Every structure is written in C-alpha cells, then in structure tokens.
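In order, the protein sequences belong to chains A and B. Take 1 as the starting number for the first sequence in the numbering used here and just add one per residue. Take 379 as the starting number for the second sequence in the numbering used here and just add one per residue.
Simulated from the structure, these hints should not be mistaken for lab results. Remember, predicted model here, so these are calculated numbers, not experimental data. Ideal placement from N, C-alpha and C gives every residue a C-beta, glycine not left out. Be aware that one or more of the hints could be misleading.
With a cut-off of at most 20 Å between alpha-carbon atoms, the simulated SDA-like pairs for lysine to any residue come out as follows [as the list claims (entries may be wrong)]:
| hint | chain 1 | residue 1 | chain 2 | residue 2 |
| --- | --- | --- | --- | --- |
| 1 | B | K503 | A | G374 |
| 2 | A | K238 | A | Q99 |
| 3 | A | K36 | B | D608 |
A short list of chain A residues far from chain B (calculated; beta carbon distances all over 12 Å) [claimed, not checked]:
| hint | residue |
| --- | --- |
| 4 | G67 |
| 5 | A119 |
| 6 | R149 |
| 7 | A295 |
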Amino acid sequence: MQTFVTEAVDWPDSAPALREQVCALVVEHGERDPVKRANSWTKADPGFSRKLGEAGLLGMTWPAEYGGHERSQLERYVVIEELLAAGAPVGAHWIADRQSGPLLLRLGNEELKRRWVPAIARGEAFACIGLSEPGSGSDLASVRTSARRDGDGWVISGQKVWTTGAHVSHFMIALVRSEAGSERQQGLSQFVIPMDTPGVTVKPIIDLTGAHEFNEVFFEDVRLPASALLGTEGEGWKQATAELSLERSGPERYLSSMVLFLELVRHAEGKDDPALMEMVGRLAAEAWTLRLMSASVAAKLARGEDPALEATIVKDLGNSYEQAIPQLVQSAIDFDDADAEILRAVCFYLLQVSPSFSLRGGTREIIRGIIARGLGLR
Amino acid sequence: MSDTRRMLAEMADPLFADLGPGASEDCDLSRLEELGLPLLLVSEDEGGFGGDWLDALTVFRLAGYHALGIDLPALIVARVAEGERRHELMAFARTAQIAGALDAALALSVGYVNERQQFDRALGKFQAVQQSLASFACEAAAANCAAMGAAQALGRGSAQFEIAAAKLRANRAVEIGTTVAHQVHGAIGFTQEYALHQLTRRLWQWRSEYGNDAFWSRRLGKAVIARGADSFWPDLTARTD
Ligand SMILES: Cc1cc2nc3c(=O)[nH]c(=O)nc-3n(C[C@H](O)[C@H](O)[C@H](O)COP(=O)(O)OP(=O)(O)OC[C@H]3O[C@@H](n4cnc5c(N)ncnc54)[C@H](O)[C@@H]3O)c2cc1C
Chain A
1 MQTFVTEAVD WPDSAPALRE QVCALVVEHG ERDPVKRANS WTKADPGFSR KLGEAGLLGM
61 TWPAEYGGHE RSQLERYVVI EELLAAGAPV GAHWIADRQS GPLLLRLGNE ELKRRWVPAI
121 ARGEAFACIG LSEPGSGSDL ASVRTSARRD GDGWVISGQK VWTTGAHVSH FMIALVRSEA
181 GSERQQGLSQ FVIPMDTPGV TVKPIIDLTG AHEFNEVFFE DVRLPASALL GTEGEGWKQA
241 TAELSLERSG PERYLSSMVL FLELVRHAEG KDDPALMEMV GRLAAEAWTL RLMSASVAAK
301 LARGEDPALE ATIVKDLGNS YEQAIPQLVQ SAIDFDDADA EILRAVCFYL LQVSPSFSLR
361 GGTREIIRGI IARGLGLR
Chain B
379 MSDTRRMLAE MADPLFADLG PGASEDCDLS RLEELGLPLL LVSEDEGGFG GDWLDALTVF
439 RLAGYHALGI DLPALIVARV AEGERRHELM AFARTAQIAG ALDAALALSV GYVNERQQFD
499 RALGKFQAVQ QSLASFACEA AAANCAAMGA AQALGRGSAQ FEIAAAKLRA NRAVEIGTTV
559 AHQVHGAIGF TQEYALHQLT RRLWQWRSEY GNDAFWSRRL GKAVIARGAD SFWPDLTART
619 D
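Use the sequences and the hints to build the structure in full.
Put into structure tokens, the structure is as follows:
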C-alpha cells in the first residue's frame with residue numbers, strides 16, 4: 001500500500017527569476033506588520049491585487065485570448081508560494097485566481113468567459129464561493145437556495161453564509177437547487193451571480209478577532225439571464241466537487257502561520273537555547289516535507305491527473321501544522337519578556353484564527369472521512 | 379520511474395517478501411548477492427550495480443516494507459561510505475525503511491479492520507476507526523515524501539539539511555503509525571504469531587538508530603537559526619530551484 005506516490009517535481013527554470021519578481025513587488029507594496037502578514041490569503045487589498053495583475057502574475061496559466069499569460073502550472077505555484085511565504089495581502093483575488101477563473105474557462109459559455117476572465121487576470125474582478133448555507137455545512141448536498149426558470153432566464157432565492165470576501169467580490173459562483181423537489185446531489189446547478197444584481201444583499205459577519213472577512217448573502221428573487229448558468233444544468237455537484245483538489249492542496253493549506261515560525265527563528269537568533277533549537281528543527285522539517293507534498297500534488301494536477309486523495313492528505317497535515325505552530329510557540333516562549341513582543345502579538349493573533357484552518361475548505365473530520373474512503377474503508 | 383528502477387523493484391520485492399523477517403546473513407546472504415544487491419551503490423566500473431539514490435530509496439523502502447531480517451541497507455552503505463558520511467547515509471536508509479514499514483503496517487491494519495467483525499459489522503465501518511487510520515495514512519504519506527525528498531537531494535549533491543529533516547519527520551511518523559496500528563488490531567496484534575510486531579518493533583528501533591528526534595531536531599534547528607529568519611524561505615526554495 002502506498003497512499004501518496006511521490007516523484008521528483010521538475011521545478012521550472014524560470015523559478016528564481018519569478019521569485020525575485022514577487023519579492024520586489026512585496027517589498028514595495030506588501031504588508032509590513034507581521035500580525036497582518038499572518039494568514040495573509042484572507043487579507044484583501046485590491047490595490048495589491050491590481051499590481052499583481054499589471055505584473056502578469058494573475059491568470060498566469062490561462063490562454064492569452066482571455067487575458068492570461070500561458071505560463072505553466074508550476075510557474076504559477078512558484079509565484080503563489082512566494083506570495084504566501086512573504087505574507088502578501090492576496091485575499092482579494094485569491095479565490096478568483098485559484099478556482100473561479102479556471103472553472104469559468106473550463107465550463108463557462110463565451111459570454112461569461114469574456115465578461116469575467118480577463119478582468120480577473122487584470123486584478124480587477126474578484127470572486128466568492130457560495131456553497132455553505134445556514135442548514136448546509138458539512139452536509140453540502142442539502143443546499144436549499146433555489147433557481148427556478150422564468151422565461152428565458154432564472155430566478156434565485158435563498159441564502160448563503162460564511163461567504164469569504166463577498167463584500168469585496170464582483171461575482172459569486174453559487175451551488176443551488178435548480179430542480180424543485182430534487183434530492184441530495186441530484187438537481188443542483190452552478191450559477192454565476194454578479195454581486196450588484198438587484199435582490200442580492202451582503203451582510204457582514206464579524207469574526208472572533210473583530211475582523212470582517214466573511215458574510216451572509218441573501219437572494220430575494222434575483223433575476224439572471226440564461227447565460228448565468230455555469231456548465232450543465234443538473235451537473236452542479238460534479239462540477240463543484242471536481243475543483244476540490246485544487247482548493248485543498250495549495251501552499252495556503254500549510255503556510256498560514258509561516259510568519260510566526262519565522263519570528264520564532266528571529267527570536268532564537270543568538271540565544272543558543274537547545275529547547276528552541278529542537279522546536280525550530282521540528283517545525284522546519286515539517287515545512288520542508290509539506291512543501292514537497294503540496295508541490296508534488298501541483299505537479300500531478302499540471303499533468304492532468306486528479307490526485308484527490310493526496311490533496312486531502314496535504315490539507316489535513318498542513319492544517320494541523322498551521323495550528324501547531326502557535327500552540328508550540330505559546331508553550332515555550334515567555335511572553336512577559338519584553339524582547340518577545342512581536343512574537344507574542346503574532347502568536348495571540350494566530351491562536352485566535354487557527355481554529356478556522358481545519359474548518360474552511362472542509363472540516364478535519366470530513367477530510368479524514370475522504371481519506372478513509374480512499375483507503376477503502378467506506 | 380525509470381526502467382532499470384522498475385526492474386530492480388520487480389526483482390527485490392518478491393525476494394524480500396520471500397526472505398522476510400526470518401532471513402539471516404548466515405543462511406540467506408547469498409541470495410541477495412546473486413542479484414548484486416549489496417553492491418547497489420558501487421559503480422559499474424568497480425564491478426558494482428551502479429545504482430543511484432532513487433534506486434537506493436527503492437531497495438531500502440522495500441527492505442522496510444517486508445521487514446527484511448538482514449540489514450541490507452547497512453551492507454550497501456558500508457560499501458560506499460564511512461565515518462560521518464556513513465552515519466548520514468544510514469539515517470537516510472532508516473528513513474526509507476520507516477516509510478516502507480509504515481506503508482506495510484497501514485496495509486495490514488486496513489486489511490484487518492475490513493475483515494474483523496464486531497457489533498455485526500466490519501470494524502472499518504466505524505467512524506472512530508476510520509479517522510484514526512486516516513491520520514495514520516497521512517503520517518505514512520509524510521514519511522514517504524520525506525524519504526523521496528532526501529533521495530532527490532542526495533542526487534543533487536549535499537543533502538545534510540534534507541536528511542536531517544527527513545529522518546526527523548519519519549521518526550515522528552513512527553509514533554502515530556505504531557500507536558494506531560496496534561490499537562485497531564486489538565489483542566491479536568500483541569501476539570508473536572501475528573506479523574504486525576515484525577514491523578512495529580523495527581519501527582521503534584529505527585526511530586532511535588542513526589539519530590533520534592532530539593538529535594536531528596537540535597542539529598537542524600541550530601543550522602536554521604544560524605542562517606537567520608530571513609534566509610529560511612530563500613534557502614528552502616534554492617535547494618530545489
Ligand atoms: C474562515 C471561514 C471561511 C469560510 N469561507 C467560506 C466560503 O467562502 N464559502 C462557503 O461556502 N463556505 C465557507 N466557509 C464555511 C465552511 O465551508 C464550513 O464551515 C464547513 O463546511 C463546516 O460547516 P459548518 O460550519 O456548518 O459545521 P458543521 O457541518 O455543522 O460541523 C460542525 C462540526 O461537526 C463535525 N461533523 C459534521 N458532520 C460530521 C460527520 N458526518 N461526521 C463527523 N463529524 C461531523 C464537523 O467536522 C465539525 O467539527 C468558511 C468557514 C470558515 C470558518
């Protein structure tokens with residue numbers, strides 16, 4: 001039995017130059033405050049996203065016809081891992097560049113593609129994911145927001161919740177029930193809903209750190225043209241779940257606390273403390289391993305394979321790692337010590353945010369259930 | 379995988395399975411020698427097999443997978459290294475063996491819980507059992523990736539960082555792996571008759587040999603701290619670029 005077949009990742013020759021390009025951008029336009037550099041892929045800075053667009057670092061793998069830059073998947077991987085390691089504020093465009101753009105290119109009609117994809121690549125159009133509802137969390141197949149036919153078009157009614165970035169987004173890709181009375185995975189479709197359509201209301205939900213990152217989104221008889229249907233009517237479940245390997249194995253699944261690890265190393269410099277050395281060594285080994293695992297999944301995706309089991313393994317290990325860093329730092333560092341001020345600030349921020357790491361994108365229990373199925377246990 | 383490596387695996391796999399934990403140098407070494415395995419890393423010019431580090435990974439991992447009773451990795455390494463270098467290469471060997479043995483123990487565990495019935499169903503249908511085995515699978519995957527990463531680094535040249543990181547990561551995987559494997563097996567796994575202990579007792583031994591967690595984490599941490607916070611990420615990526 002080998003659950004995770006690893007092979008050599010063929011890093012692109014252009015990698016060093018791309019890394020330099022990203023670093024220069026981050027030095028000039030990135031975030032300096034280490035607390036704000038933590039978990040940076042939920043920190044929206046539309047200005048920074050536009051800079052990336054201008055630099056040709058969004059929509060990197062997409063066709064030039066739609067504003068893309070026809071680079072390889074691994075070149076894109078290099079860019080996103082650099083951005084995350086540097087704690088750059090990439091939240092505004094993250095979802096659009098990672099999954100909405102590729103989904104539109106794969107399944108969208110010409111009108112949808114022309115309208116949204118080039119704007120995403122310029123860093124001007126942002127997207128949000130409309131899956132969860134008040135009655136539908138882990139049990140996603142129970143969604144109730146509905147789409148009913150109305151002449152040539154559709155009318156959407158219902159509610160989504162926990163929608164990250166809905167308040168800065170230009171459109172949502174929503175999973176809704178398009179066949180009245182259908183059950184579970186049947187009768188679901190995906191729709192592209194512009195956020196400025198009449199009848200769409202976004203209400204903030206403030207998280208426990210006091211930040212506004214996610215929202216409730218209400219749909220009151222929202223009229224959409226026929227072209228808003230994404231892909232095939234009734235195939236929504238298959239379409240939505242096909243994206244998950246992309247969503248689950250990226251470097252954002254293990255780098256959310258990297259800035260704290262780096263501050264720990266800084267704190268340990270010149271101290272010659274064996275306990276700190278051991279902790280740094282252990283966390284460095286884990287970062288090295290997770291980077292190989294995540295890149296290995298990216299290489300398989302680039303070849304057109306769907307390494308779904310490997311992707312969930314990366315998410316589970318990566319989330320546990322991101323959560324362990326603040327716990328370990330708190331257990332070892334004396335925060336009453338004035339010299340630990342920055343470390344303390346970043347650590348307390350991450351202690352508060354880190355519970356979300358194993359919730360967003362599928363909870364730990366759901367992820368482990370998928371791994372168990374991959375092992376042949378369900 | 380290259381063709382020679384596939385051939386190597388197809389040769390070693392059934393042989394190691396046949397020899398198993400009961401093999402001894404006195405009785406069985408000749409069968410390994412017939413295939414030239416102890417000379418795996420000796421160059422062809424010097425009459426060896428001329429294998430590379432990925433070939434070594436394949437053989438070491440299979441030796442672990444089948445809990446091979448002969449310490450073939452030690453024989454292979456002794457032919458090409460001594461002193462500090464030997465210690466480092468043996469740490470790599472144990473990493474690969476741990477990776478293989480964890481995969482074997484996982485396979486044994488999954489097979490067992492799918493067979494064994496309690497409360498009128500297979501144990502594998504219980505969510506608690508599924509979730510434990512999923513964690514185990516993650517650890518086995520991490521150990522295998524770490525071993526692969528170290529082998530690749532050896533192929534590129536200096537691999538001090540990677541071997542330290544890989545042995546440390548594999549060592550840590552032993553803890554969850556052995557704990558879950560024994561837990562899901564119940565009492566049968568605690569018997570001499572059942573094969574699990576051939577794997578788990580070796581896993582505990584290999585975790586200690588050629589550097590335990592404290593040894594490698596201290597060495598690795600010291601090196602990382604000496605380079606400084608701002609060098610960590612650039613150093614990490616420069617190793618593979
Ligand atoms: C920061 C953040 C951002 C998010 N962003 C988005 C977004 O942009 N778009 C979006 O659609 N959603 C988003 N979500 C929602 C996220 O996908 C859900 O939180 C997640 O799917 C879990 O749903 P729930 O919160 O309703 O928990 P529940 O499903 O109610 O689960 C609660 C607990 O019970 C466990 N549980 C549930 N079912 C089972 C089972 N069968 N077996 C064992 N245990 C089980 C869960 O694992 C969890 O621990 C976000 C969530 C967070 C925290």
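For each hint, the structure was consulted:
no., hint, verdict
1, B:K503 x A:G374, "holds (13 Å)"
2, A:K238 x A:Q99, "holds (15 Å)"
3, A:K36 x B:D608, "holds (17 Å)"
4, G67, "holds (28 Å)"
5, A119, "holds (31 Å)"
6, R149, "holds (40 Å)"
7, A295, "violated (8 Å)"
Checked against the numbered hints given earlier, the structure breaks only hint 7 and satisfies all the rest.
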